[in-house]
Amino acid sequence: MARTEQQLKELLQQDASVTPALLDELLLHIGSTDSELRDGLIYPQLATYIASESFTIEDTNRIFDFILSGHGLMYRMGTADTTAVLTRSFSALALAELLVMDKTRHLLTQSQLNRLSTYLQTYLEQEKDVRGFIDGMGWAHSMAHIADVYAVWFTHPASRPEEELGAIDAMIRQLTRSDYLYIDEEADRMVTAWLQACRHGLSEDILLQRIEQKVKTWLESDVTWGDAEWTTYRNVKQLLQTLYFRLKWEEQSDLVLIEEWLRQVHQRTHGG
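For what it's worth, the numbering used here labels the leading residue of the sequence shown as 1, then goes sequentially.
Some hints here could point you the wrong way.
25 Å max Cα-Cα, derived SDA-like pairs, lysine to any residue [to be verified]:
#1 128 to 227
#2 103 to 57
#3 237 to 132
#4 248 to 267
#5 216 to 226
#6 248 to 226
#7 128 to 83
#8 9 to 54
#9 216 to 180
#10 216 to 231
#11 214 to 185
#12 248 to 260
#13 128 to 263
#14 216 to 165
Hint data in this document are derived by calculation from the structure and do not stem from the laboratory.
Work the whole structure out from these sequences, hints included.
So this is what it looks like as structure tokens:
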């Protein structure tokens, strides 16, 4: 009989060893609305176990199959369930840990790895719940967590960042949306993933071209300056500022181009 969440919490607080049965329970409750159980016990226990010497191919398959199923990263996608994002988002974090492990241990099969690119992009295109911190439930942070996945995936031997332009475009669309104002450093986490991609095969010029296409489309569109337009403006500005300073800190070369985009964005809203 499966434990209740309270029973699982009490067990994990005793630092119980992970068994196949317990692993199934951790996955079952990975999206618990109890932030202490989810953030403080289940996720750290999963991360520690995935990184351990005792982690097996069977465990790898169990977690991977869960994440890439309707129970994990795509759990209740598109429904009115306002808590389902927790399962999706923390499944993403578990996937990031799995990919970190696999970079050295190579437990995932080529067939499994081949599924990731399309699956992750589909998630990016379909995720609508992008809230950061949710009162009463803690951090959901779906965009930050999927960015963490990409920061690892773009450095994985099986990944081809130069072929992930669809995912890059989907990330840009998410960061420049008009129905949610990002306030929890989602742009910084996305930029981290993009810079990793640039270090592992993606041309920086191509990345900037994809961003420029989005910025120009917005600059050239007709706007009425309602709430949606102001949200887009603030998200675009935050994205460009984040990218500018990250490139500046890392001594990259395309600051003049980004400065010009920022000037145009500012001009559009303030004139002069």
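- List, from low to high, the hint numbers that the structure doesn't satisfy. 6 and 13
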